[in-house]
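Use these hints to put chain B onto chain A, whose structure you have.
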Amino acid sequence: MDLLRRVVKKRSESSSAKNDVESLSRFSSRVAKLRGEGPMATSIEPEVTLEVVSINICDIEIPPTYLREAVGDVSPLVSSIKTYGIQQPLKVVKIRGSKKFSLVFGRRRLEAAKIAGFDAVPCIVELVTKEDRLQMLALAENMHRMDVTPVEQARAFKDLQIRGKVTANEIAAPLGLSVNVIKEITSLASKTR
Amino acid sequence: MSVCIEKGGTGKSQTAVNLSAALVKHCKQKVLVVDLDPQGTSSLGFGISPLSTNTHAIHEVLGGEIAPEDAVYSYNDTDLCIMPSRHDLAIYGSEDFTEPLGNILRPMSSVFDFIFIDLPPTLGNFTTTALSLSDAALIPVNASSSVCIVALISQLRTIKTIVEENINSNLAVLGILACMVNNTRICTEVLTWMEEEYPDLMFQTKIRQNIKLAESLGLGEPIFDYAPDSYGALDYKSLAQEIMGRVS
Chain A
0 MDLLRRVVKK RSESSSAKND VESLSRFSSR VAKLRGEGPM ATSIEPEVTL EVVSINICDI
60 EIPPTYLREA VGDVSPLVSS IKTYGIQQPL KVVKIRGSKK FSLVFGRRRL EAAKIAGFDA
120 VPCIVELVTK EDRLQMLALA ENMHRMDVTP VEQARAFKDL QIRGKVTANE IAAPLGLSVN
180 VIKEITSLAS KTR
Chain B
0 MSVCIEKGGT GKSQTAVNLS AALVKHCKQK VLVVDLDPQG TSSLGFGISP LSTNTHAIHE
60 VLGGEIAPED AVYSYNDTDL CIMPSRHDLA IYGSEDFTEP LGNILRPMSS VFDFIFIDLP
120 PTLGNFTTTA LSLSDAALIP VNASSSVCIV ALISQLRTIK TIVEENINSN LAVLGILACM
180 VNNTRICTEV LTWMEEEYPD LMFQTKIRQN IKLAESLGLG EPIFDYAPDS YGALDYKSLA
240 QEIMGRVS
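Each protein sequence line maps, in turn, to chains A and B.
If you read the first sequence in numbering that gives the first Met the number 0, its first letter stands for residue 0, the second for the next number, and so on.
If you read the second sequence in numbering that gives the first Met the number 0, its first letter stands for residue 0, the second for the next number, and so on.
Pulled out of the complex, with its shape left as it was, chain A reads as follows (with noise of 0.2 Å):
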């Protein structure tokens, strides 16, 4: 017991005392921002968000890494959400600090919402917010689409590579490509520049 009795006694003269007070105050003042947000009982919203959640479209932004330039022709894309609404849920991250929502994937889907005249769309928001994981994200979703273009992917390979210091091998694993594609579709990157 002595050596409890010695620990409980150091600790609590301990130098940090100061700093996990202020620790904790900055901890307490993000939880504050929570008060009045969030579902209550009279709320549709869901408490866990791994569910599909409506956001504003106004809350959300289009972050400068985007993976499309070119969003294309959304008309059928308007017409048909017009008709059955947005079949799949876009995802998105929230942005530290912010009430906003940064894109993840599903810019067309926001595009053709828009312009039918949504307020908001169907959302998951992501949990994981390491740029470069968010990118891989998005280039999972995307890849398998047609409608990507190679200096598109080209692109994105190359700020993997270079900003988030992710490997050829390791883009091509996930998207289930091999390392001599991707390393083929980055050089042309620097063709086109």
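Be a bit skeptical, because a hint or two may be false.
Anything over 10 Å on all C-beta distances counts as not near chain A; from chain B, calculated [what the hints assert, rightly or not]:
id, residue
1, 73
2, 111
3, 123
4, 173
5, 240
Subject to a maximum C-alpha distance of 25 Å in a straight line, what follows is the list of computed DSS-like cross-link-like pairs (lysine-lysine) [stated by the list, open to error]:
id, chain 1, residue 1, chain 2, residue 2
6, A, 113, A, 81
7, B, 159, B, 29
8, B, 205, A, 164
9, A, 90, A, 157
10, B, 6, B, 205
11, A, 90, A, 113
12, B, 159, B, 6
13, A, 32, A, 93
14, B, 6, A, 17
15, A, 190, A, 164
16, A, 164, A, 182
17, A, 99, B, 205
18, B, 159, A, 8
19, A, 17, A, 32
20, B, 159, B, 27
21, A, 8, B, 27
22, A, 93, B, 205
23, A, 81, A, 32
24, A, 9, B, 6
25, B, 205, A, 32
26, A, 182, A, 157
27, A, 17, B, 29
28, A, 98, B, 205
29, A, 32, A, 90
30, A, 113, A, 93
31, B, 29, B, 205
32, A, 9, B, 159
33, A, 164, A, 90
34, A, 90, B, 159
Example chain B residues on the side facing chain A (calculated, C-beta under 7 Å, incomplete) [stated by the list, open to error]:
id, residue
35, 29
36, 124
37, 143
38, 152
39, 164
40, 167
None of these hints come from the bench; they were simulated from the model.
C-beta atoms are modelled at their ideal positions from N, C-alpha and C, and glycine is treated no differently.
This is chain B only, laid out in the frame that chain A set:
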């Protein structure tokens, strides 16, 4: 390695059981889990009831009644072993047992690659004794709780005191593990706060809230046997790999 936080229900036993199972299964390590919580939750996680007297338990070893190896049980004949506890261990909560515990652990450390000590959720004699003998501490935090971080701050201060007082200058924090991660607002705030306050200590792997983890602990099977395709299994596998990277 002590698995500790001065609060209950944050994922200590869940982590002791499933991280050790992952290290054995996916990283080919030899691992011993020493249950130093009289509640015996991690013993239960390996299918050994803390209410049963069919198996030997750590308090018998500490009391000198049996040899340490007689209280080491292999899980399904693998390199994953458990030294279980029973409620009888509670008497050591008010007794100095640093020396007998050290005498048990030292020879074991040449047999096993990792020894995890699962601890009770309080600042008490079990926690200080285990920390005084550990090389590292792993702190699981319930990321969907708004009060758990008080326990985190407190736990880190205990560890700092033990190091600064030279009770155990080798003790290091291996990492803070966010458990029960979900998409609630409170969880986002807890994660962001922890990443800002302890950027070097957070494990990149987060353990997502997963009902299979809760089910498996009570049923006495590590997640890799109970639900090998669950998020819980995936997350603990990633954690094992991240830890191998940190310790090598």
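Satisfaction of hint between residue 8 of chain A and residue 159 of chain B, Cα-Cα up to 25 Å: Distance ~13 Å between residue 159 of chain B and residue 8 of chain A Cα, so the pair holds.
Min Cβ distance, residue 152 of chain B to chain A: is it shorter than 7 Å? Status holds, d = 5 Å.
Given hint residue 182 of chain A paired with residue 164 of chain A - CA-CA distance at most 25 Å: Given pair residue 164 of chain A, residue 182 of chain A holds - Cα atoms ~15 Å apart, limit 25 Å.
Straight-line Cα separation of residue 81 of chain A and residue 32 of chain A no greater than 25 Å? violated, 36 Å
Regarding the pair residue 159 of chain B and residue 6 of chain B, is the alpha-carbon distance no greater than 25 Å? holds, 18 Å
Does residue 124 of chain B hold up as a contact with chain A if the rule is Cβ-Cβ below 7 Å? Check passed: Cβ of residue 124 of chain B comes within 5 Å of chain A, closer than 7 Å.
For the hint on residue 167 of chain B, does the least C-beta distance to chain A fall short of 7 Å? violated, 10 Å
Does residue 157 of chain A sit within 25 Å of residue 182 of chain A, going by the straight-line distance between their CA atoms? Answer holds: residue 182 of chain A to residue 157 of chain A is near 9 Å, not above 25 Å.
Is the hinted pair residue 9 of chain A and residue 6 of chain B satisfied, with a Cα-Cα distance of at most 25 Å? holds, 21 Å
Given hint residue 17 of chain A paired with residue 6 of chain B - CA-CA distance at most 25 Å: Cα-Cα ~22 Å, so holds.
Holds or violated: residue 159 of chain B to residue 29 of chain B, with C-alpha atoms at most 25 Å apart: The given pair, whose Cα atoms are some 29 Å apart, is violated under the 25 Å limit.
What's the verdict on residue 90 of chain A and residue 159 of chain B, does the C-alpha distance respect the 25 Å limit or exceed it? violated, 41 Å
Of the numbered hints stated above, those contradicted by the structure are hints 3, 7, 20, 21, 23, 27, 34, 35, 37 and 40, listed in ascending order.
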